[in-house]
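Visitor: Using the hints, position chain S against chain D.
So the protein lines, in turn, are chains D and S. When we follow the working numbering, the leftmost residue of the first sequence carries the number 1476, and every step to the right adds one. When we follow the working numbering, the leftmost residue of the second sequence carries the number 1476, and every step to the right adds one.
One or more hints might be untrue.
Because identical chains share one entry, a pair is satisfied inside a single copy or across any pair of copies.
[Claimed, not checked] Each computed DSBU-like pair below joins lysine-lysine, with the alpha-carbon atoms no more than 30 Å apart:
| no. | residue 1 | residue 2 |
| --- | --- | --- |
| 1 | K1845 | K1659 |
| 2 | K1844 | K1659 |
| 3 | K1659 | K1722 |
Hints listed in this document are in silico derivations from the structure and should not be mistaken for laboratory results.
Number of protein chains: 2
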Amino acid sequence: MPEPRTTLKDRVRAVHEEAQESDGRVRAVIDAVRPCIDGGRFAAKRAEGEIVTVEADCFTDGHDVLRVLLRWREVSASASAWQDVEMTAGINDVWQASFVAGPPGRYAYTVLAWVDAFLSWRHELERRNEADDIALAAQVGAALAREAMARAEREDRDALADWANRLEQDAMRCSGDPQAQTLKALALDPDLAQLMMRYPDQSRAETWPNELPLIVDRVRARYSTWYELFPRSTVSGSEPGRHGTFKECEARLPYVAELGFDVLYLPPIHPVGREQRKGKNNALVAEPTDVGSPWAIGADEGGHTAVHPELGTLADFRGLVAKARGFGMEIALDIAYQCAPDHPYVKAHPSWFRWRPDGSVQYAENPPKKYQDIYPFNFETEDWRALWNELKRVFDFWIAEGVKIFRVDNPHTKAFRFWEWVIDEIKREHPDVIFLAEAFTRPKVMHRLAKLGFTQSYTYFAWRNTQYELTEYFSELAQGPGREYFRPNVWPNTPDILTEALQFGGRPAFMTRLELAATLAASYGIYGPAFELLESAPRETGSEEYLHSEKYQLRHWDLEHPDSLRAFIARVNRIRRDNPALHSDWSLRFYRTDNEQLLCYGKSTPDAENQILCVVNLDPHNTHSGWVTLDLEVLGVDPALPYQMHDLITGSRYLWHGARNFVQLDPQRVTAHIFRLHRRVHREQDFDYFL
Amino acid sequence: MPEPRTTLKDRVRAVHEEAQESDGRVRAVIDAVRPCIDGGRFAAKRAEGEIVTVEADCFTDGHDVLRVLLRWREVSASASAWQDVEMTAGINDVWQASFVAGPPGRYAYTVLAWVDAFLSWRHELERRNEADDIALAAQVGAALAREAMARAEREDRDALADWANRLEQDAMRCSGDPQAQTLKALALDPDLAQLMMRYPDQSRAETWPNELPLIVDRVRARYSTWYELFPRSTVSGSEPGRHGTFKECEARLPYVAELGFDVLYLPPIHPVGREQRKGKNNALVAEPTDVGSPWAIGADEGGHTAVHPELGTLADFRGLVAKARGFGMEIALDIAYQCAPDHPYVKAHPSWFRWRPDGSVQYAENPPKKYQDIYPFNFETEDWRALWNELKRVFDFWIAEGVKIFRVDNPHTKAFRFWEWVIDEIKREHPDVIFLAEAFTRPKVMHRLAKLGFTQSYTYFAWRNTQYELTEYFSELAQGPGREYFRPNVWPNTPDILTEALQFGGRPAFMTRLELAATLAASYGIYGPAFELLESAPRETGSEEYLHSEKYQLRHWDLEHPDSLRAFIARVNRIRRDNPALHSDWSLRFYRTDNEQLLCYGKSTPDAENQILCVVNLDPHNTHSGWVTLDLEVLGVDPALPYQMHDLITGSRYLWHGARNFVQLDPQRVTAHIFRLHRRVHREQDFDYFL
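Just chain D, with the same shape it has in the complex (with noise of 0.2 Å):
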């Protein structure tokens, strides 16, 4: 049996006690630099732009003053100096300083703290009241200026002399007590403590043994608004049949404008393979019309870096890629790691699957459940630096076609070491790629990809439903630990997701579970057209899977439909985009109701210059009413005076007094509040309604 990495830790410690042993006269203390994750080992996540605060808990023996300094830099760049933020003492010895995250790139951080004899020094002569006391301390100043000079550049050399000088000479004469509390005002003179502070002696400064990871992100890693669609059903349902093209794409483009969305998700546009191919609703046996599941990649035309024919060509996608830049959108792609059975992989590679005894492909399996039409790759091949080549080539086959977000299918089923090798390489080059972890599956899981370097994760906001559901779920990801690494990316439904909220809620339903994911999350999408078009019947009750699903087959959409949610959908997301509280998830706070089907929330901008607040009525069936009770403090309210209420959804504006409102909500008619809260009315005669 392998021994443990004795040797690997014995090095490791060797070298920390190296530096430690040193200086057994270094006596400041750094505990628990944060944010830190896992020791060190994963880096914590920010968008540029952001303040990152840094805390650290600093103190030495005794009654000594510290100096603690925030330490940080960007790693990615050539240039790459440190940056100084002197840190400052809160309570329980807990020290704070902040930056502001830069461009996208990988960034460090690091403490260090030293006892500072001179700021020791003047904290006890502030406390010093006899004459002879004074006298003495003033000597040990002079004595701190002259030994200053040493560390001081030329120009400040003869400003300490002279501050030394003056001290001694003050003090020899110092007799009386008028003439001591002079002296002390002379040694408590700002310019000396200014002058000394920039030359402080370091030699004994303790560091934080790790310089802790910061990956910083362009802003849409934090805020970003999906639309997935399957661009082979792009085409109307005048022509039944027809393949759609990425042509028919960029016509959708406006529509997908109009309704606010930012990221155009597409799932694989790469040729689907034949062989094994499933039909209709999933059906075993394909017939020769089905189009077959974009999942199961690859056939002769070509695997992950081509292009299905019947979309077009290279050249088309492209012209799809620019074509959304001009309407503010991106196009997103969904990486999925695995082949159709005549995926070109499967004979060029043959080492990079398994293989069962009787001379076949191991196809994908979890007994009894079998997937014959795709085959996953075997991570533990010995041809393992070829496969993780070759799968990176991939994604730097697409960045160089222009795209910038990967939406990663089931990252779970693939190697953990895989991942955060591959994501560190391409943001290596790349910071300002995306990816997203389609990963459904257990908590630990989930955060490990997060961790390991995915920029956002799918979450588990489909099956919440409940007041108590989405208060423990939203507050762990807005307030958990997980919030340093973990983005979330809520998702009312995808192709594999029709949940029972949708089957049974009605439209109300689709109206409230997206005003929640809109407002809860600062990232969010929505799998369309069958989401505006209200699609809610499922392949068998019971079922999550949709019928006719578009996984299986060509669908033709109307989306001229009268029932459609499109200009609702466009209000919301208008909405987000005009209110910066919604651009970020850590300021969410819940507020009580008294009603458990009334969910009321609020968000902020850290100048809390704009405030959300939103009540949603969780009941699709009845009108719900209740009070609700908002925490007037920390949404800076004056208990005293009114404050106006605007619902950014019907227009209405509303004047609130005191915590306890009352609240209102007949779904047939409007499923939610989302009010921007303004602190200052200005005429009362604006006012709908007076509550």
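Guide: Relative to chain D, chain S alone:
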């Protein structure tokens, strides 16, 4: 300015990367091995014989089955072979295994995990139903058995070959469903599984990169009962002004033993400085007859390794240590690293002190407070190595004299690096030594001292009086993350702390505070005879200092005073000794009461054989009654059956029914119930009282 340790960090990362990159096929993931203090920087603590439970989050991609081993060893012993314990999976990917802590010393543990090909195959086979699949699987199983032969010991190779042959042959012959089911049963034979699990392929095992440290102490580190007395005040009142001796201390041993204490802690026993000696009640100028503070250590007669001549000789001290042992008691010494101005160190090692510009030694001060009778060591001295070695020699000297417990005075005013070094050095040679940190300071500083090695720590208990305060604080101590390293030792009084509760609460307050200390914490102590003799006069109003404090003068105590709590204390300590539930802290649970003056809590042994429930009246002035609500499920009590509550203070037995029961406590009679819960009631006529 010094750069942060980029080299250190880079070297650590390089070591890790080298180890990690070796094989991309390692698919097992190990996360968050625990207990883990600051990423393994500090050791968790356990006592000999305790069960050490280690947990880790382990998983892999896909559906394959993991095997996970906890690997531990004693580091200090020469025979430090690794021991492996199979970990088992619980919910949420948490794996767990335990081992029993061996003799005091340093231990280490880590975790090893791999995707187990055999168990994955077996797990899939269990769910296979089709004959073809079963036949193919049997062939795969045969191949696995053949592979295992290379790893197997000679005597098992034939058995494996045998299994491989049988599986292969039966797979060949398998042509129908009944045969397939027989084949499946054969392949799932537990004998095969047992054999295969002995020879797993660990070549792609993942190992947690740290060995996590564990300190195992002797049981007294967790469960101890302390009595502090001033040896110089052991003379009876008939000889006023005479200085007590070690011989008189010896004579006091039966008394302390009868009270039920097992640690007798003596304030410093060294020569007391004469220069700047403090007088009675901390007077700045001493009378010629004043004895001074024992903490002003050192005079012509010697310093930290000398004995105060008036107490006796070193031989007398050795005699005391030996006699105490005969009573089942240990002597604990006070280690106060500071010097009186006439301590021999001051002349011999001037560089160990700070000097003022006027040529005098810097005494201790915290402006405007001055402690002219005490010189602190300067831990920033260039001669720090010599200072460290000398301070360590002090411990070594007393260890050689038979002392294994040290109460360390104000450790938070000495360098943290020194403590970490000296405790580690001493425990390497003497793993049975116990260090109690007397640091009444900020929480993070106290925790740091515990982390860096102190065995036990003083607490804020003295100032926690209300139901809320006691519940919060002791829940944190017993269940918070700090419990892994912070072992509380709680004191109702010390020579420095006469709380308001004792000043104003009278006899009932003394009883209550003792009961709380003795039952809330496995380690507690009192400063006597001041405690049992109800000494309660402060030096002045608002002060926590004793009037006529023994710190500055001799005292004569009337141990036979009829008001003495000695019998009561003996009873409480007897209850502690007899009830193992009170020998550890972690099982503490608080229960709800409907009267905030009543505090209810319980402790239990892991097997629930010994269960103690306490109800304490926190108000020393008034009778209180109310209902307490137990958690019968936690206590293992059948809600349909009565259970007996045996009051170990009064001897009364009560029959309780259900979760809610009524309690009334008159502090003039009984301040608390300390119940032992008996779940099986034998004879109802035994009970005094039915509620």
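Visitor: Now tell me if each hint is right for this structure.
Guide: Quick rundown of the hints versus the structure:
Proximity of K1845 and K1659 under a CA criterion of 30 Å is satisfied inter-copy only: 19 Å between copies versus 85 Å inside one chain copy. Taking the shortest alpha-carbon separations for K1844 and K1659, only the inter-copy value of 18 Å comes in at or below 30 Å, while the best intra-copy value is 84 Å. For a Cα distance limit of 30 Å, the shortest separation of K1659 from K1722 qualifies neither inside one copy, at 81 Å, nor across copies, at 55 Å.
Comparing the model with each earlier hint shows a violation of hint 3 alone; every other hint is respected.
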